[in-house]
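S.K.: Below are the chains, spelled out letter by letter.
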Amino acid sequence: DAGITQSPRYKITETGRQVTLMCHQTWSHSYMFWYRQDLGHGLRLIYYSAAADITDKGEVPDGYVVSRSKTENFPLTLESATRSQTSVYFCASMIGFPDTQYFGPGTRLTVL
Amino acid sequence: KNQVEQSPQSLIILEGKNCTLQCNYTVSPFSNLRWYKQDTGRGPVSLTIMTFSENTKSNGRYTATLDADTKQSSLHITASQLSDSASYICVVSAKGGNNRLAFGKGNQVVVIP
Numbered sequence: 014d015a016g017i018t019q020s021p022r023y024k025i026t027e028t029g030r031q032v033t034l035m036c037h038q039t040w041s042h043s044y045m046f047w048y049r050q051d052l053g054h055g056l057r058l059i060y061y062s063a064a065a066d067i068t069d070k071g072e073v074p075d076g077y078v079v080s081r082s083k084t085e086n087f088p089l090t091l092e093s094a095t096r097s098q099t100s101v102y103f104c105a106s107m108i109g110f111p112d113t114q115y116f117g118p119g120t121r122l123t124v125l
Numbered sequence: 005k006n007q008v009e010q011s012p013q014s015l016i017i018l019e020g021k022n023c024t025l026q027c028n029y030t031v032s033p034f035s036n037l038r039w040y041k042q043d044t045g046r047g048p049v050s051l052t053i054m055t056f057s058e059n060t061k062s063n064g065r066y067t068a069t070l071d072a073d074t075k076q077s078s079l080h081i082t083a084s085q086l087s088d089s090a091s092y093i094c095v096v097s098a099k100g101g102n103n104r105l106a107f108g109k110g111n112q113v114v115v116i117p
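Taken in order, these protein sequences are the chains called A and B.
Numbered per the working numbering, the first sequence spans residues 14 to 125.
Numbered per the working numbering, the second sequence spans residues 5 to 117.
Bear in mind the hints are in silico, worked out from the structure with no lab data behind them.
Every residue gets a Cβ at the ideal spot worked out from N, C-alpha and C, and that includes glycine.
Heads up, none of these hints are tricks.
Partial list, computed: chain B residues near chain A (C-beta under 8 Å):
id : residue
1  : 35
2  : 47
3  : 97
4  : 99
5  : 107
6  : 108
Label-pair ranges, simulated between beta-carbon atoms:
id : chain 1 : residue 1 : chain 2 : residue 2 : range
7  : B       : 46        : A       : 99        : 16 to 24 Å
8  : B       : 11        : A       : 125       : 35 to 43 Å
9  : A       : 72        : B       : 72        : 19 to 27 Å
10 : B       : 74        : A       : 96        : 36 to 44 Å
11 : B       : 33        : A       : 65        : 25 to 33 Å
12 : A       : 82        : B       : 46        : 24 to 32 Å
Let the hints inform the model, and build the full structure from the sequences given.
M.R.: Right, here's the structure in full:
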């Protein structure tokens with residue numbers, strides 16, 4: 014009964030490196046989301062996916078890439094990490110719109 | 005302009021006391037409104053969902069209200085406990101072709117003994 018998991022939970026990287034954050038859900042929910050949470054901003058949507066092979070930009074997509082080849086996985090890639098991408102990243106899933114979102118535990122990313 | 009405004013931004017309350025958090029929104033057309041609780045270091049968890057026809061809904065010591073005419077919601081915490089220390093996030097869903105979710109920045113509640 015894993016639900017929704019994220020890995021790694023903590024990551025430190027350097028500017029310019031590529032980083033991939035993983036998100037996996039066991040419910041076969043159609044929708045998946047990536048958010049970043051920063052002090053003073055709350056949760057901001059980076060990308061979302063309504064189904065496998067369907068993704069769309071959110072509020073702050075620049076510098077991020079997503080893919081969804083399988084329903085259960087929704088990885089987020091920072092192609093060339095910048096210090097401004099230091100944040101806590103949350104993945105979420107939803108059965109359909111607009112049902113309850115189920116959030117993962119978060120990944121704390123630090124870019125030096 | 006943020007379509008969901010929450011107030012107060014933060015508050016400190018004594019254990020056992022009540023408090024009320026506010027959420028004002030401009031999202032349209034309205035589908036539903038959810039309150040999430042986010043403990044420090046964890047992801048948000050849904051507390052309640054309010055649809056257009058619902059005025060009040062309770063979940064234990066949490067009671068949410070909705071006034072769809074004035075586009076306001078509140079979350080009332082009764083007899084607060086230390087475990088209520090968290091951020092409470094209001095999320096409003098818009099329906100229709102432009103399905104979207106609008107997030108408030110959260111109310112940070114600290115309960116002290």
